[in-house]
Amino acid sequence: MLSSNPILPKLLLLLCIFSNTLQAQKFTISGIVSEASGGEKIIGANIYDSLTYKGTITNNFGFYSLSLNKGDVQLVCSFVGYSMHSQRFKLDKDTVINITLSPMLEIEEVTITADKAKNMVNSTQMGNVSIPVQQVKSLPVILGEVDILKTLQLIPGIKAGNEGTSGIYVRGGGPDQNLFLLDGVPVYNINHLFGFFSVFNADAIQNITVYKGGFPARYGGRLSSVIDIRMKDGNSKEFQGEASIGLISSKISLEGPIVKDKASFIISLRRTYFDLFLHPIQKAINDNTKSGYYFYDLNGKINYRLSDKSRIFLSVYSGLDKAYSKEKHEWENYERTLKTYYNSESAIYWGNITAALRWNYMASKKVFTNTTLTYSRYQFDLSMHNEQTTKPVAQTDDYLHSTRYFSGISDISGKFELDFIPSPAHYIRGGFNYIYHTFHPGISVSRIKTDIISQNVDTTIGNRDIYSHESFAYIEDDITISKRLKANIGFHYSNVLVKSAFYQSLQPRISARFLLTDDWSVKASYIRMVQYINLLTNTTVGLPTDLWLPVTERVKPQKSDQYALGTAIKLFKDYSLNLEGYYKTMHNIIEYKEGASFFSQSDGWEDKIANGKGWSYGAEILIEKNEGKTRGWIGYTLSWTNRQIEEVNFGKVFPYRYDRRHDISVAITRYISKRVDLGITWVYGTGRAITLARQKYPSLLEYFNSNQDNENFYPSDNSVIEHYESRNGFREPAYHRLDFSANFHKKVRWGERTFSFGIYNVYNRQNPFYLYYGYKYGISSSSENIYLLQRSLYTFMPSIRYSLKF
Amino acid sequence: MKCPFKIFFLFTGVVFVSSCVKVLDYDIPEDEKKIVVNGIISTYNPATIYVNKSLHVLDRLEIKPIDSAIVRIYENDILVTEIVEGTKGGYFSDFTGSFGNKYLLEVMVPGMKTASATCILPEPVLIEKVDTSSELQEFFEYGYYYQIYMLKSIIAITDPETIENFYELEGTLLYKEPVYYSDMDTFYITGYRKAISNSIIRSKDPVFEYTIMGDQVLSNQNENEFIIGNKLLFSDQLINGMKYNLNVSFSSFLFNANDVTTDSMRLVIRLKSVTKDYFTYMQLLERHLQARNDPFSERAQVNTNIENGLGILAGKSESVCTLEINQTPKPE
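Going line by line, the protein sequences match chains A and B. Position 633, counted from 1, in the first sequence is what this note's numbering calls 633; the numbers after and before it change by one each time, with no gaps. Position 237, counted from 1, in the second sequence is what this note's numbering calls 1237; the numbers after and before it change by one each time, with no gaps.
If you are wondering where the hints come from, they were derived from the structure by calculation, not from laboratory data. Watch out, some of these pointers could steer you wrong.
Claimed, not checked - Some but not every residue of chain B turned toward chain A, in silico, with C-beta under 8 Å:
| no. | residue |
| --- | --- |
| 1 | Glu1062 |
| 2 | Ile1063 |
| 3 | Ile1070 |
| 4 | His1288 |
Note that the coordinates shown come from a computational prediction; the quantities given were computed from them, not determined experimentally. Quick reminder that beta carbons are idealized off the backbone N, C-alpha and C, glycines included.
Can you make the complete structure from the sequences, with help from the hints?
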């Protein structure tokens, strides 16, 4: 008995203490995963102990933290496209292990199972896709310009807008419902050349992650998607560069250490040069005229490692499109006593500037913090100036007409984020953000001065600047509940204050996955998103006149609820299958009223729009192969998207313009050898829904004769009007296209050179850009017939690009 | 500024010129043809109805009038007129409506579904008072400098509070125009005959929303400029239940014409109360006409109150005030 044996209770007590101590003997391994060659941080790399199968992934800054029991550890680190790292050691204290991974040659046979497929099975996230930049560069492109957005349009659930444009429509949402982040800074206008190219220079980009559903709580502010684009940090070990020249633009990118392994930089510049070739030709034809168009992108980043725990980054982006025209003339009167000068200048330009100052700090082995200050500005400016002056004596027909229209948006924001990894079973993220928005909704300034009218005209028309304060806070936890069940649960709270309007919302974000087997999981998610910002945009082309506007007392925040159910399967060898179904409802979405146009300044913007509701549902299938000599994916989406808005279509339900019933995309890259790789893409989409008349009839004004004192009717020359059965009640012909590319690489003394050849639209399909009724081209007016005409933009287009890496 | 984006249009033009156009071999469905009815029943003029048939959008014809229809008008469910034959699609009656009454229009065309529409003629809102003065206004447009003699008018009305009102304002000039005799070289005035002309109305009054000028209907585009038209349309959105003074100016080439005698010239100001359907029709028609040739505009559907058909049946009543022009002091 215990009372008769004084030693036993003491022994038991000691055993308890000892066992508790043993159970508490956990240590944390943490560090940074980066590329061996350049020091670039690797986002989303897998780190796990192959003995216990406990693991984690690196965050957006390459940081990881993994708490394991004391004892033997076989630490494995892997990431797609890189050789695996493995090391065995005894864990008996908190340890910092910074891992470098070496890029794997593309054509090597891979004996290790594909991580991307495994990640897809294991992850709780639904609707997110990570795209390696190398894959973007290997796919066929239009006019030889690598474009990230064009690659995104190949992913199921993400639809392209009009032919050739960069806009994306995600699961029934509009182009205003996508948040583009460049190093954490929102980019408001992503279009060059009216949407034919995006502003993102692939040479400066390291990683692209797209969320089209299942948004974790750390993201908010848009309903449909978040495209998180991270710039390269710059090679911290040695200087290197890339340069290329193509049909449309040339690019150069330089990076290297400022202080080796401590500080590095990267700078990338892309510019078109069509205007430079045009000027000499114009001068030869007409010395008095000069016009042209160009765009450029400039990305720059500096990072500095203050200590093993602390790092600062400064990244900037500047991009601009400019179209201009100048004309000058001068002449003398017959008597040669007077000289008249005529000067006309017009310019239209638009562009973004973004800047981010970021401080990463490892507060402890388990806590990583990121503090960021950002600035983002988008501006559109149109100016026209016509002037005629006579010297030495001014004449009555001298004049000055000057007009300027400008609009835009600018943000200043501060953000704090914290990653806390207490154990392998929890990955907790939290943070808060404040944004000060300044909206410039479009102002027109006119000056007219003539000698005929004794007074000058100086007017300003338009809307005043609007300021808003937006903030959000979030908390989320990636929880491993059991060996098979994992969930990500979070809450995102946001609010906005605009003049006297205040809105707030609490948005739950829940996603979970259950492992049926090690290679097969089922997932489910529910998310709510709220958006306090609206985009008035034309859905035909990516116009720079797109207007970003805040919510107001009249225009309420847009909201969406999205439910998704899916399964992810790692198939045989390197194949994976992802099948996902979703149902999404949207409220307070905006749509242009019937007849509303960008170029009408007659109404305030609130009067141009109507709001209502929308819903979208469908299924997406993605089959991927990520390793081996042949890689790529096949995607198929079946979806429906509708809208119902009181002031549109007489309040009846109508299909959304980008309601594409079937959407198929095939993207395949074949690595023939170390020197040659080929790429093909094929896309197919059901035709867009457009509003097209089917009947015509005379209007009341056909019979109105204003010279009578009564309303006796006499036919006039007025044309009849069209009858539209419903908004978007007509389907354009289906869109499909095949593209091909070939890259020929060769090692040269100073690096590597590549010739890239491509063909856009190999079988010359004339896809619809715009449909309209008109007279057939070339037929004389005496025998004109009306036809339905289709305008197509891009037919068979070859391209070539020469690139250097040094 | 009407079109500030000339460079943009030029650039877009280049894109379009470089693109391809092809005739689409596409079967646009042949929808069932509909009866098109455009008509007005009013308290001041005999009802007139125009009947047409809608056409396929690719049809070469513009209008297809129907002369074989039977048109019936019922007042409070009692048949008041029946017209069995049309002239170029026009069906003219001698029936004039009364406000407050409900009118049913039926149009029967052999082989087609009967089209019908109803409207209740609104009660006219009285013009309580008109104060006028004349002035010369100077304008400079298209390189020319000119003056217009304007009759500035302040028209006092009281909008009824309990109902939604829609209005149409116009001014009609009654005058005597010369009758000429010509003997090859010389024109002689042999006498005068009665004539009618619509005046132009200008206003900066914020209530006016739309204007009709000939075969155009335009919205009030720029608050800093005048709205100008033969007729000005407005609702009581800003003036519901209020006593209000409409500030307008009437003008006409006749005021400056040398051979027109102003001795017996009269300006008839008509304030018409119109049905909501008609007002909405004008609103959407304006958007439709503006948008149809603009590839960057959303297409606008025009409403109809014709059951089994297209078009509009408008109901109008009016309140009239007549001014003697020659008694208005002219500016020096």
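Hints, one by one, checked against the model:
With its C-beta approaching chain A no nearer than about 6 Å, B:Glu1062 sits inside the 8 Å limit, and its interface hint holds. The criterion of a C-beta within 8 Å of any C-beta in chain A is met by B:Ile1063, whose closest approach is roughly 5 Å, and the hint holds. Proximity of B:Ile1070 to chain A is violated relative to the hint, the smallest CB-CB distance being about 19 Å (cut-off 8 Å). This hint holds: B:His1288 has a C-beta 6 Å from the nearest C-beta of chain A, less than the 8 Å allowed.
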